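Participant: So the chains spell out like this:
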Amino acid sequence: MGNRQNIRNFCIIAHIDHGKSTLADRLMECTGQVSERDMEEQLLDSMDIERERGITIKLAPVRMFYKASDGVEYELNLIDTPGHVDFTYEVSRSLAACEGAILIVDATQGVEAQTLANVYLALENNLEILPVINKIDLASARPDEAKKEIEEVIGLDASYAPLVSAKEGINIREVLEDVIKYFPAPQGDEEAPLKALVFDSYYDNYKGVILFVRIKDGKVKAGDRIKTFRSDKVYEVVETGAFNPALVPKDGLSAGEVGYIAASIKSIQDVAVGDTVTFAENGAAEPLPGYKKVQSVVFCGIYPLDGSKFNDLKEALLKLQLNDASLLFEPDTSQALGFGFRCGFLGLLHMEIIQERIEREFGLDIITTAPSVSYKVIKTDGTELFVDNPSHLPPASEIEHMEEPIVKADIYSPPDYLGQIMDLCREKRGVFMQMTYLDKSRVRLEYRLPLNEIIFDFFDSIKSRTRGYASFDYELEGYERSKLVKLDILLNGEVCDALSMIVHEDSAYPRGRTLCENLKDAIPRQLFEVPVQAAVGGKIIARETVKAMRKDVLAKCYGGDITRKKKLLEKQKEGKKRMRTIGSVEVPSEVFMQILKTNKD
Amino acid sequence: MAGIYVHIPFCKAKCRYCDFASFPEKIGFAESYMACVCREMSKRSAQLKGMKFDTLYIGGGTPSVVDENYIAMIIAAARKYYDLSENAEITIEMNPGTVSAGKINLYKKCGVNRFSVGLQTAIDSQLRELGRVHNLNDFVMCAKLLSGENFNADVMIGLKGQTADDVKKTIQVAAAFGASHISMYALTPEDGTPIYTDYLNGELPDSDEVAELYEEGRKQLEELGFHRYEVSNFAKKGKQSRHNLNYWRRGEYIGFGVSASSCIGDTRFTNTFDLDEYFKCILSDNFAVIDVQKITPEDKKDEFIMLALRTCEGIDLARYTQLFGGDFLTDYAEVLKKMSIYIDISDKNVKIKDEYLFVQNTIICEFLRG
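Those protein sequence lines, which keep their order, are chains X and G.
Counted the way the working numbering counts, the first sequence spans residues 51 to 651.
Counted the way the working numbering counts, the second sequence spans residues -19 to 350.
Bound conformation, chain X alone:
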C-alpha cells in the first residue's frame, strides 16, 4: 500500500470536443499505463455509443504510476467525467472522489459556457483547479487570449497553465508534473473506521455488483465484513482492486485510494451510488455526505415492443440505474401500450442515450412516447401538483392555471447566423435577453425559452440552421405561468393516451394538423375507415381519414400454392403482432415514434 502523500486523485473538466479523452489517453501513454501499440483510440470511452458520438457518458477511473522529476513514484488516479450538460450529476459524483481537476480550455475557442458550470461545481467541492491550454498545434490557436479569458471569466490565475497538444503529444509530461505540484495529496485517517464513498457501480455477471469507491478513512481488504448505510445488509469482501482501466485485483485499499470492491452483492437495489460503505461491526457512525438528489428534466414513457418483455425491460432499467443514478423510473400503464415505465432524464441527450443502451446492451425493442417536461398545475381548490404525463392531467375544469419550466439558454455562434437563430428562438416562444460580442467571430445570445419547446428538435434545428457552427447550452431557471392545453389524438373516435401531449395554446393547431397528417400516412389501412382527429378540450381542431382497405387477398391458391400462401399469411399475422390495438384500430409501434417528428424542418 502506497504512501498517501504520493497519491493524487483528479479528474478532467472540459467542453465537448476540447480534447478531454485525448488528453486522458496521452496521460496513460506517458505513464506507461498502455503502450502506444495497444492504444485503442480513446480508451476511456468504452461504450460503443460513446465512441460513435465522440462523447463521454460514463465516468471511467484509471490508476497510473508516474516517476516524477523529484525521483519519487506517484500513484495518479484519474476519474474521467462526462462533458455534456445533461451529465452534470455524473460530474459531481466524480468530483467528490477527487482533490484536483484539470480544466482543459481549447486554445482556439476559449472558455465555453458549460465548462463554467463544471468549474463552479469543482470549486464548490473545494477542488484545486489546474488550467491546461490544449490544441496549441492548430494554426488558429490563440493561447494568450485563452489564458486571458480564464483569468477574466473564471478568475483563475492561468499564468502557469501548461500549453499542450494532446493530439500531437506536446508537453504532456508538464501536465503530470503540475498535477503532482498543485494538487494536494488526499487527507483521511487510515486508522479510523472504514468510510468509502461509492461513486459508481455496475453489474458483473460473475462477481455481482462491483462498487467503485474512494476510501476516505480506514482500509478495506478481502474477507472484511461490510455494509452500506442504506440497506444494512452485510456482505463479505471477495476482492479489492484498482483500475488500469480494466479491473486489476490488489490486496486492500486504504484511505486516499481509489479502487473497487466486489462482495458478491447480488441485488442491484441494495446499493446506491453516493452511499457510504463501512464495516458491519464497529463501523463508522456517520455516512459521508451523499450526493444531491437528481432532478429529472425530461420524461417519457418506455414500453416493451413485445408486451411479454416487461420484466426484461425492468431488469434492464435496474441495471442501467445501477451506474446511472440519474435515471429515474416508475411503472406506468397505458391503454394503448400496456405495461411499461415512466422514465425521468437529465435532458434529451440523456434520454436518447438510455433508449439506445436499452436496445443495444439488452437487445430489447422498445416503444418510447413523446418527451415531456414536468408542468406545475395549480388547481381551482388551491392545491398544486406536478404533471409530466399528459394522461395524468386533471380535467380542464379543475385547473386554475398551469406553469411550465423555463430555461436560460446561451447560444454561441458566428455573427453570420444571428438572423436564423433569432428566427428559430422566436418560433419557439423565446424571449431575447441580451447579446454579447465575445470577439469579432463569436457572439453570445441569451434567451429565455420554455423547456418544452427545446425538447423536441431545437438542438438539431439550431445546428442545421447554422451549418453546425452554433453551440447551445441551457440551465433551468424556474416555472412561469403559461397558456397550456392538452392535445389529444383520437383514432376512430377514441382517445389514444400514448399520443396525448401538453402544448402551448398557440402551437396546438399547427401541431395537431401535422400530427394528423403524419398519422394518416403511418397507420395502415384497416377493414373500416379510420378518422384521425386532433382535439383540444373536446373540440376537434384537425382531421384526416385513413381509408378502408379494399384489396387484401391472395389471388390464386391451388395445390402448389398452399404452403407458400400460408407462410405469407403467417408473415402478415406476425406483422400484426408488432402492432398495438387502440380501440379497434391496429397501430404499428413506429407510429408512436412518428410524433417525435412533429416539425418538418
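Errors might be hidden in some of the hints.
Said to hold, decoys possible - Dumping the calculated EDC-like pairs for lysine to aspartate or glutamate here, alpha-carbon to alpha-carbon at most 16 Å:
1. 597/X with 192/G
2. 617/X with 282/G
3. 601/X with 192/G
4. 623/X with 279/G
For the record, the hints were derived by calculation from the structure and aren't laboratory data.
If you're wondering where the values come from, they're calculated on a predicted model, not measured in any experiment.
Fit chain G to the known structure of chain X by using the hints.
Facilitator: Chain G only, in chain X's frame:
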C-alpha cells in the same frame, strides 16, 4: 375423394407475368417427358393402392401445345394405375391459337369433359402487353370449337391501362361464346418476371383500382348468371370445378411432373422445378421430390381454415368436427366474436361476408395460430 394433377411444362412462349415451370425452348423433349410422367405415375401407384380419385387436371404451361396423342397417353396411364371414377372430372388447360378440331375431338374421346381456356382479356393491345401469343380472334375460334362443351375462361384484372369497361367486355365475350365458368384473377406481379418492372415503375393499377375492377367484374358476372363460389372463381349452376374445390376443402391430391405438388394424409411434397433434374431422377428409377413436409395437426387446422374461408361456402362445421374433433364455434369463439362484423354464421357454415371476401387476408389471419 382425391384429385390427380399432371403438369405439362411446355408452351409456345413465356408470358411476361408467368412464374410457372414452363420451358418453351425444350418442347422437343415432350415425348421423353410424357414417358417419364407415365413412369412416375406407375412408380407412385403402389403407395396409393385403394385410394379413390374423381378428378384429373392436366395443367401447365400449355398442355394443348404438345401432340394430342401424348395427352391420350397420360389419361390412359392415369386410368391404368389409379382408381379414377367412371364419371371423373377431367380438365385440360389450353390456350387460344394452339387448338384444332382434331385435338379437341381426341381429348373428348379420351374422356376430357372440362376445358380451361386462357383468354385473360378481350383487348388485343393488353394481350400483347402481357406477352400472350393469341388475339381475340383466336379465342373466338377456340370457343367455337368448344361449342356445347363445359369450359372455363381465365380473365385477368389489374392490367396496365385496364378499365372497368375492358373487364366487362372480356366477361361478356367469354359468356357470349359459351363459357360455363370464369376465373377472374388479379394479376400478381412476381419478383423475377418481366412484368415486375412494370409494377416497380408504378405502371400497374394500384390496389384500390384493382378492387374497383374486381367489383365491376363481379357485378357483370352475377348479371350473366355466373355465381361466385371462391374469391376468384365464378360458375354457372352446377359447373363448379370439382378438382379445385377439392383443394379448398383441403382434400388429398397427387401431382405428377415437374413442379407438381401433392398432399397425401399429413404429408405435403413437391417435385423439382428443374426439367433436367426431373429426367435424371425418373430415369434412374427415383422419385423427383425435392421437398417433403409433415403437417402437424395444428398446421392442418390452419390450412383447412385458410382454404375454406376463400370460398363462399366457407368452413363446413360438420367437416371440421369430422377432421379435428371438437366444435369450431367453441374452439374459435373469441375470434368469431371479434370478427363478427365480417362473418356470417349459420348452423352449417362459417363464412366471410360477400362484401369482405376481397379483404379476406386480415380476417383469415385472426383465425391462424401464433
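Participant: Against this structure, judge whether each hint is valid.
Facilitator: Tested hints:
1. 597/X with 192/G: holds, 14 Å
2. 617/X with 282/G: holds, 11 Å
3. 601/X with 192/G: At roughly 9 Å apart (the allowed maximum being 16 Å), residue 192/G and residue 601/X satisfy the hint.
4. 623/X with 279/G: OK: residue 623/X and residue 279/G at ~15 Å, within 16 Å.
When held up to the earlier numbered hints, the structure conflicts with none and fits them all.
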